[in-house]
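**Student:** Go by the hints and put chain C onto chain Y.
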Amino acid sequence: MHVYANPARFLKIARPLTAWLGWAGAALILVALGYGLFLGPRDHLQGESVRILYVHVPAAWLGMAGWTGIATASLMQLVWRHPLAAVAGRAIAVPGAVFTAICLATGSLWGRPTWGTYWEWDGRMTSMLVLLFLYIGYLALAAAEKEKGGEGRLTAIFGLAGAVNLPVIHYSVIWWNTLHQGESISFVRGSSTIDGAMLWPLLVSALGFSLLFGAIVLMRMRAELARNKVEARLKRMASE
Amino acid sequence: MSHWPFIIAAYALTALGALGVTLWSFAAMRRAEADAEALGKRP
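Going down the list, the sequences are from chains Y and C. Position 21 of the first sequence, counted from 1, bears residue number 21 in our numbering, the numbering being contiguous throughout. With the second sequence counted from 1, adding 1000 to any position gets you our numbering.
Isolated chain Y, as found in the complex (with noise of 0.2 Å):
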């Protein structure tokens, strides 16, 4: 990893990497969700609103996949400080908070017609509720040791404490009983017990969502590189 902790070399790669992940993202997210919208069978239990989980789970998956990202970032800033995990970390930060927030609404939006409630204070939501708490603290944190100049080991060490919570998310359908379902997707085979109907536009969506999040982190990395390039060219002006 840190043949790419040389800023130019990573810029070499992002750049044409950000629109490729964008535009293919973006099609099988247009792909996806027309069949889930339009063509898509409904379910003989939730009805037309199983629709809403080809938008939902891959939100769900992303909010969980960011902060697996920020803590794994956070790991290499302060164990093999990774110049570019700091970057890498509060990159991920925003769309992992928006793909949260996300899931939380569209789960709502489910949860009403399909078990008459918006919300329900039980393991699932609530954990995801957290996740999303801890994203806007991550990034308030962020943002505080940037003002005062900081290297930013504080929020690592938030990024990476924050991922107990990771495990709480996944499992909570398992230790409590949740009013959230239990997962229907393994990848074991045979096991899952979401139909081939629905399974196949549900990973489409999550891949095609995946893909254009990757390209919204290289975005956010390529705008700090280049504020930072921009800052270090001010403070040498400055001092010349």
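Hints listed in this document are in silico derivations from the structure and should not be mistaken for laboratory results. Each residue gets a CB set at the ideal place from its N, CA and C atoms; glycine is no exception. Please note that a few of the clues may not be correct.
Listed next, with one range per pair, are the computed distances between beta-carbon atoms [said to hold, decoys possible]:
{"id": "1", "chain 1": "C", "residue 1": "1009", "chain 2": "Y", "residue 2": "139", "range": "20 to 28 Å"}
{"id": "2", "chain 1": "C", "residue 1": "1008", "chain 2": "Y", "residue 2": "24", "range": "23 to 31 Å"}
{"id": "3", "chain 1": "C", "residue 1": "1037", "chain 2": "Y", "residue 2": "118", "range": "46 to 54 Å"}
The list that follows gives simulated cross-link-like pairs (lysine-lysine, PhoX-like), each with its CA atoms no further than 20 Å apart [as the list claims (entries may be wrong)]:
{"id": "4", "chain 1": "Y", "residue 1": "235", "chain 2": "Y", "residue 2": "146"}
{"id": "5", "chain 1": "Y", "residue 1": "146", "chain 2": "Y", "residue 2": "229"}
{"id": "6", "chain 1": "Y", "residue 1": "235", "chain 2": "C", "residue 2": "1041"}
{"id": "7", "chain 1": "Y", "residue 1": "229", "chain 2": "Y", "residue 2": "148"}
{"id": "8", "chain 1": "Y", "residue 1": "229", "chain 2": "C", "residue 2": "1041"}
{"id": "9", "chain 1": "Y", "residue 1": "12", "chain 2": "Y", "residue 2": "229"}
Covered, in the sense of this in silico footprint (three residues per stretch, anywhere, with C-beta under 8 Å from a C-beta of chain Y), are these stretches of chain C [stated by the list, open to error]:
{"id": "10", "stretch": "1007-1017"}
{"id": "11", "stretch": "1029-1038"}
**Tutor:** Chain C only, in chain Y's frame:
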């Protein structure tokens, strides 16, 4: 109760959120890279 208003609201919120963060990030990137390029051209 029809489920369709909830489905449309969910898709609209997702489109708003995803497009919003994408466009915001793109605009921030273009602005920052343009500033860096302009500063780099100064003697």
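**Student:** The structure should be examined with respect to each hint, and the outcome stated for every one.
**Tutor:** Here is what the structure says about each hint:
no.: 1; hint: 1009(C) <-> 139(Y): 20 to 28 Å; verdict: holds (26 Å)
no.: 2; hint: 1008(C) <-> 24(Y): 23 to 31 Å; verdict: holds (26 Å)
no.: 3; hint: 1037(C) <-> 118(Y): 46 to 54 Å; verdict: holds (48 Å)
no.: 4; hint: 235(Y) <-> 146(Y); verdict: holds (16 Å)
no.: 5; hint: 146(Y) <-> 229(Y); verdict: holds (15 Å)
no.: 6; hint: 235(Y) <-> 1041(C); verdict: holds (16 Å)
no.: 7; hint: 229(Y) <-> 148(Y); verdict: holds (18 Å)
no.: 8; hint: 229(Y) <-> 1041(C); verdict: holds (13 Å)
no.: 9; hint: 12(Y) <-> 229(Y); verdict: holds (16 Å)
no.: 10; hint: 1007-1017; verdict: holds (count 7)
no.: 11; hint: 1029-1038; verdict: holds (count 6)
Violated hints are absent here; each numbered hint is respected by the structure.
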